[in-house]
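Chains H and B, in that order, are what the protein sequence lines are. With the numbering used here applied, the first sequence corresponds to residues 17 to 103, in that order. With the numbering used here applied, the second sequence corresponds to residues 13 to 617, in that order.
No lab work stands behind these hints, which were simulated from the structure alone. Check each hint, because a few of them may be wrong.
Covered by chain H, per the in silico footprint, the following chain B stretches (three or more residues, Cβ under 8 Å) [to be verified]: (1) 324-334; (2) 598-608.
The list that follows gives simulated cross-link-like pairs (lysine to aspartate or glutamate, DMTMM-like), each with its CA atoms no further than 20 Å apart [what the hints assert, rightly or not]: (3) H:K31 to H:E102; (4) B:K377 to B:D296; (5) H:K55 to B:D296; (6) B:K288 to B:D367; (7) H:K31 to B:D367; (8) H:K55 to B:D602; (9) B:K377 to B:E274; (10) B:K501 to B:D471; (11) H:K31 to B:E603; (12) B:K531 to B:E592; (13) B:K531 to B:E426; (14) B:K377 to B:D367; (15) B:K389 to B:D401; (16) B:K531 to H:E56; (17) B:K531 to B:D475.
Part of the chain B face toward chain H, derived, beta carbon under 7 Å [stated by the list, open to error]: (18) L125; (19) T132; (20) A140; (21) F259; (22) G262; (23) S303; (24) G341; (25) L349; (26) F564.
Treat the numbers as computed from the prediction; the structure is a model and nothing was measured. By construction, the Cβ of each residue, glycine as well, lies at the ideal position given by its N, Cα and C atoms.
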Amino acid sequence: MAEVSSETRQAHWRKTSTLTYVILALWFLFGYVVPWFAKELDAASFLGFPLGYYFIVQGSLIIFVLLIVVQNIFQDNIDEEHGVAEE
Amino acid sequence: MNTQAQGTRFVDRLGRVYGLYTLGFLAFFALMAIIEQFGVGARTIGVLFLLFTLAIYATIGWLSRTMQVDAYYVAGREVPSLYNGMATAADWMSGASFVALAGGIYFGGYPYLGFVIGWTGGYVLVNALMAPYLRKFGCYTVPDFIGTRYGGNLARFCAVFVLVVASFTYVTAQINATGTIAARALSIPFEVGVWFGLLGILLCSMLGGMRGVTWTQVAQYIVLIIAYLVPLVWMSNEQGFGIIPHFGYGEAAQRIAQLEAEYGLQPAAEAVAGLKVLTTAHFDPQTSLDSWKFVTLALAMMAGTASLPHILMRYFTTPSVRQARKSVGWSLFFIFLLYFSAPALATLTKLQLLDPTLATAVVGKAVEDVMALEWVKNWSAVGMLSVVDQSGDGIVQLNEFFMRPDIVVLATPEIAGLPYVISGLVAAGGMAAAMSTADGLLLAIANALSHDLYYKIIDPQADTRRRLIVARVLLVGIGALAAAVASLKLTGILGAVAWAFCFAGSGLFFPLVLGIWWKRANREGAIAGMIAGFLAGSIYLWWTYTSGETWFSLDHLRFSIIGMPVSLVAMVVVSLMTPEPDAETQAMVDETRIPTGDSILAETH
Chain H
17 MAEVSSETRQ
27 AHWRKTSTLT
37 YVILALWFLF
47 GYVVPWFAKE
57 LDAASFLGFP
67 LGYYFIVQGS
77 LIIFVLLIVV
87 QNIFQDNIDE
97 EHGVAEE
Chain B
13 MNTQAQGTRF
23 VDRLGRVYGL
33 YTLGFLAFFA
43 LMAIIEQFGV
53 GARTIGVLFL
63 LFTLAIYATI
73 GWLSRTMQVD
83 AYYVAGREVP
93 SLYNGMATAA
103 DWMSGASFVA
113 LAGGIYFGGY
123 PYLGFVIGWT
133 GGYVLVNALM
143 APYLRKFGCY
153 TVPDFIGTRY
163 GGNLARFCAV
173 FVLVVASFTY
183 VTAQINATGT
193 IAARALSIPF
203 EVGVWFGLLG
213 ILLCSMLGGM
223 RGVTWTQVAQ
233 YIVLIIAYLV
243 PLVWMSNEQG
253 FGIIPHFGYG
263 EAAQRIAQLE
273 AEYGLQPAAE
283 AVAGLKVLTT
293 AHFDPQTSLD
303 SWKFVTLALA
313 MMAGTASLPH
323 ILMRYFTTPS
333 VRQARKSVGW
343 SLFFIFLLYF
353 SAPALATLTK
363 LQLLDPTLAT
373 AVVGKAVEDV
383 MALEWVKNWS
393 AVGMLSVVDQ
403 SGDGIVQLNE
413 FFMRPDIVVL
423 ATPEIAGLPY
433 VISGLVAAGG
443 MAAAMSTADG
453 LLLAIANALS
463 HDLYYKIIDP
473 QADTRRRLIV
483 ARVLLVGIGA
493 LAAAVASLKL
503 TGILGAVAWA
513 FCFAGSGLFF
523 PLVLGIWWKR
533 ANREGAIAGM
543 IAGFLAGSIY
553 LWWTYTSGET
563 WFSLDHLRFS
573 IIGMPVSLVA
583 MVVVSLMTPE
593 PDAETQAMVD
603 ETRIPTGDSI
613 LAETH
């Protein structure tokens, strides 16, 4: 197998890091910021639930699953783009 | 080599094997429902459920036996992502998730829901920061990564030490849970039940190591998720919330809030030891202190998730880095199925007890009528429930209905008046949840001791046969020790579980993350981070637990909020004060960050 050049490695890692930071920012938003303001959000309602409560018992959980799926799709693309994806 | 060939063929037929298994389990369930109609007693059905499922797990354990190192430690790295997701979910969801989570939500309200967010959101960290890179590394155990990345036996030893403390705290709680369930179903004393539970656990893991544990965990996940969802679906259907209540129970939650306001949430006039009355509102945070407690608990649990070795080592078993990432997604999906059901279960059960317009209500009814209910009598007889007319008005008030939080899931089928076969199913599910987690934990401890301590540090010349025999002897020895500790009943299920997360987070989180994400991190820094973080967390735990005082309301459930920053600061400062890692180590980190190429450690090592 061809040796991966250090420029390729750097470019690949830069994109990987950026993706990771974006995912972690969203994770922080739905894991911490939204639950912190649950009482304020409860004034609104969604599907018959108070909104803040909805996020804690269901909404944030769904978003967590999606964050992993989305990150993996983007990461696969980054890997392929730089020629470091597995067969 | 013969077992290897069998293993490969087995991997190709997974869909059919587990499809048939699921149908077989459902057929068994139907058979039990039928014989219940013919008058077979509740006790017999409970025993049959437990023995039938145990027999299946033991068979899988036997078929997975192996004498190969990579099959024993990482299931031959041939577990497809979907099945690894199920196995991780079973590994993850302990007796506490299965039995205690809904009860905790029932009594704990908003502050307790921090566990729900923490125990799911942690997987985002696992996927973003750890799993794909550790898979690329190609280690057998988590200390294997620390020992190779930072180099030196001291770093490896520190990681083994933190791993053993965290996992051992956790495993006693799981063996305790298997003992409780076995004792109740088989009518044997708790102390005997604990050893019976351990026997079942060892049957799954001893002969096949990680391979045996993987395939039994998949089977256990199927049992536990069926056992969790069937009663919920049944009950919700009877209450008119449809067969999928998850999106429609908002009104039930609002109704509870209304009823709570009507009854008033007051503490009991006179407490009953070990039991609770409802005093926390169903969902409203009351003050900003509640928000603070919520996020600190969530953070402690998330960091713990991303550092607990029995979870991380599951991602070493996939065939590729891409499959490792995919399987984190599957893991969280399968976990999510239970976690978004628990609040629904807690809400519907609470409504059944509280709403006077429902036939099942107890609050607001005459005390003698409630005392005459069959399920109230059963659970009162074992001291897990109590109705005391403390106000003397002959009516059950909200603060006169005492219950142990743990029994919410176990008692729900009876409260809702479902047939006994459901209770048998729930007991089998609880057993599967506790056993699968205990298996993963025992294996994590025994593997770290046999691979990292014995083989890497004490006797690097040991041959394969000797290594695998040592691994098994340790597994049995640690299991026996854990069962002996569990039979002393030192802590409640949940306390011990949260502690395990905090120990792992304090000692391992930053050394693992920075090992991949910060090239400058070196051996001295990692050792300082592990020791300082673990010590700071432990000392704080000891102080807050014995004195009852807290800093910033950080109680013993979230002591890693103290341990983790200390670990981070110690690791960064000491790393910067000492020379940077050599070129070889830095190249190793570069190599870890891309999926292609050989793993850092050889296929078998």
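Status of the hints after comparison with the structure:
1. Beta-carbon proximity to chain H at under 8 Å applies to 3 residues in the segment 324-334 of chain B; the threshold of 3 is reached and the given coverage holds.
2. For the segment 598-608 of chain B, the stated coverage by chain H is satisfied: 5 residues place a CB nearer than 8 Å to a CB of that chain, which reaches the threshold of 3.
3. This hinted pair checks out: K31 of chain H and E102 of chain H have alpha carbons roughly 18 Å apart, not beyond 20 Å.
4. For the proposed pair K377 of chain B and D296 of chain B, the alpha carbon gap of about 27 Å is over 20 Å, so the pair is violated.
5. A hinted pair counts as satisfied when its Cα atoms are at most 20 Å apart, and K55 of chain H with D296 of chain B qualifies at roughly 6 Å.
6. For the hint pairing K288 of chain B with D367 of chain B, the CA-to-CA distance comes to about 19 Å; that is within 20 Å, so the pair holds.
7. Taking the CA atoms of K31 of chain H and D367 of chain B, the gap is near 55 Å; set against the 20 Å cutoff, the hint is violated.
8. Restraint check for K55 of chain H and D602 of chain B: the C-alpha separation of about 45 Å exceeds 20 Å, so the hint is violated.
9. Annotation: proposed proximity of K377 of chain B to E274 of chain B holds, straight-line Cα distance about 15 Å (limit 20 Å).
10. Our distance criterion of 20 Å between C-alpha atoms is broken by K501 of chain B and D471 of chain B, whose separation comes to about 37 Å.
11. For a cut-off of 20 Å, the pair hint linking K31 of chain H to E603 of chain B stands: about 16 Å separates their Cα positions.
12. The suggested pairing of K531 of chain B with E592 of chain B holds, with an alpha-carbon distance near 9 Å, which does not exceed 20 Å.
13. Simply put, K531 of chain B and E426 of chain B have alpha-carbon atoms about 57 Å apart, too far for the 20 Å limit, and the pair is violated.
14. Under the criterion of a C-alpha separation no larger than 20 Å, the hint pairing K377 of chain B with D367 of chain B is consistent with the structure, at around 10 Å.
15. At roughly 15 Å between alpha-carbon atoms, K389 of chain B and D401 of chain B fall within 20 Å of each other, so this suggested pair holds.
16. Straight-line distance between C-alpha atoms of K531 of chain B and E56 of chain H comes to about 42 Å, which puts the hinted pair past the 20 Å bound.
17. A C-alpha spacing of about 34 Å is found between K531 of chain B and D475 of chain B, which places the hinted pair above 20 Å, so the restraint is violated.
18. At about 5 Å, the closest approach between the beta carbon of L125 of chain B and any beta carbon in chain H falls short of 7 Å, and the interface hint on this residue holds.
19. The beta carbon of T132 of chain B is positioned within 7 Å of a beta carbon in chain H (closest approach about 5 Å), and the interface hint is therefore held.
20. For A140 of chain B, the interface hint holds, the least distance from its beta-carbon to any beta-carbon of chain H being 5 Å, beneath 7 Å.
21. For F259 of chain B, the interface hint holds, the least distance from its beta-carbon to any beta-carbon of chain H being 6 Å, beneath 7 Å.
22. Taken as an interface hint, G262 of chain B checks out: its beta carbon lies about 3 Å from the nearest beta carbon of chain H, inside 7 Å.
23. The interface hint given for S303 of chain B holds, since its Cβ lies 5 Å from the closest Cβ of chain H, which is under the 7 Å cut-off.
24. Annotation: G341 of chain B was flagged as interfacial toward chain H, and the flag holds, the nearest CB pair being 4 Å apart, inside 7 Å.
25. Of the supplied interface hints, the one on L349 of chain B is violated, with its beta-carbon coming no nearer than about 10 Å to a beta-carbon of chain H, more than 7 Å.
26. At a threshold of 7 Å, the smallest CB-CB gap from F564 of chain B to chain H is about 15 Å, leaving the interface hint violated.
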